[in-house]
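Engineer: For the sequence shown, the positions run 155 to 293 when the working numbering is used.
Treat the hints as calculated values from the structure; they're not laboratory data. Note that the Cβ used here is the ideal one computed from N, Cα and C, for glycine as well. Careful: at least some of the hints might be erroneous.
[Stated by the list, open to error] Below, a list of computed lysine-lysine pairs in the DSBU-like style, where the Cα atoms sit at most 30 Å apart:
hint, residue 1, residue 2
1, Lys194, Lys243
2, Lys243, Lys254
3, Lys250, Lys224
4, Lys201, Lys250
5, Lys254, Lys201
6, Lys230, Lys201
7, Lys286, Lys268
8, Lys243, Lys230
[Said to hold, decoys possible] Derived DEER-like restraints, expressed as beta-carbon distance ranges:
hint, residue 1, residue 2, range
9, Thr193, Gly236, 39 to 45 Å
10, Glu264, Thr226, 37 to 43 Å
11, Lys283, Gly238, 49 to 55 Å
12, Leu239, Glu207, 25 to 31 Å
13, Asn170, Lys286, 16 to 22 Å
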Amino acid sequence: MNPEEELQRYALLIENYKAQLESLENQFSLIQAAILEYTKAKITLEKLSSADENMDILIPLGGGTFTYGKATDTSKILTDIGEGLLLEKEPSEAIKNLDKRIENLQQTQETISKMSQRIQEELSDLSTKAQKLLAEREK
Numbered sequence: 155m156n157p158e159e160e161l162q163r164y165a166l167l168i169e170n171y172k173a174q175l176e177s178l179e180n181q182f183s184l185i186q187a188a189i190l191e192y193t194k195a196k197i198t199l200e201k202l203s204s205a206d207e208n209m210d211i212l213i214p215l216g217g218g219t220f221t222y223g224k225a226t227d228t229s230k231i232l233t234d235i236g237e238g239l240l241l242e243k244e245p246s247e248a249i250k251n252l253d254k255r256i257e258n259l260q261q262t263q264e265t266i267s268k269m270s271q272r273i274q275e276e277l278s279d280l281s282t283k284a285q286k287l288l289a290e291r292e293k
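Based on the sequences and whatever the hints tell you, model everything.
Structural biologist: Here is the structure:
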């Protein structure tokens, strides 16, 4: 392979690695948002489970919209188990499930971080090789 072809190959690889990095960054951000949502739910559950019956609460409807309600029975929580199905659980069990989801997401974030680091190392290596080829070509 001649130096021109090799430079083109490096340029293409660099572009691909940059696109992969951007995708991983987007995934990382989405996971971070999910962790934040689960953490908020956990805090709310912890506070709700210690609340008095008939305490006034705000019920989120989505999109930053709420309605007023009363905490008439805080001994059971409905938990989404997928496919639009809800399962009734005790607050402590629902909190454990949220902790498990948060832990799984944090592990996924760690994996994404390691992948990003490997790609950045490859990018650095390719850039060094490309710079050497350019320097040799200019001689």
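Engineer: Hint by hint, say whether it matches the structure.
Structural biologist: Each hint tested on the structure:
1. As the CA atoms of Lys194 and Lys243 are separated by approximately 18 Å, the hinted pair is consistent with the 30 Å bound.
2. Of the pairs offered as hints, the one joining Lys243 and Lys254 holds, with about 15 Å between alpha carbons and a cut-off of 30 Å not exceeded.
3. For the suggested pair Lys250 and Lys224, the alpha carbons sit about 24 Å apart, so the restraint of at most 30 Å is met.
4. Between the alpha carbons of Lys201 and Lys250 the distance comes to roughly 15 Å, so the proposed pair stays at or under 30 Å and holds.
5. Restraint check: the Cα-Cα separation between Lys254 and Lys201 comes to about 19 Å, which is no more than 30 Å; the hinted pair holds.
6. Straight-line distance between C-alpha atoms of Lys230 and Lys201 comes to about 14 Å, which keeps the hinted pair within the 30 Å bound.
7. For a cut-off of 30 Å, the pair hint linking Lys286 to Lys268 stands: about 27 Å separates their Cα positions.
8. With a C-alpha separation of about 5 Å, the suggested pairing of Lys243 with Lys230 holds against the 30 Å cut-off.
9. At roughly 20 Å, the beta-carbon separation of Thr193 and Gly236 lies outside the given 39 to 45 Å, and the hint is violated.
10. A hinted range of 37 to 43 Å for the beta carbons of Glu264 and Thr226 is consistent with their spacing of about 41 Å.
11. For Lys283 paired with Gly238, a C-beta distance near 51 Å keeps the hint of 49 to 55 Å intact.
12. The given range of 25 to 31 Å is respected by Leu239 and Glu207, whose C-beta atoms sit roughly 27 Å from each other.
13. Between Asn170 and Lys286, the C-beta spacing of about 20 Å keeps the proposed range 16 to 22 Å intact.
Hint 9 alone, counting from the list given before, is not met by this structure.
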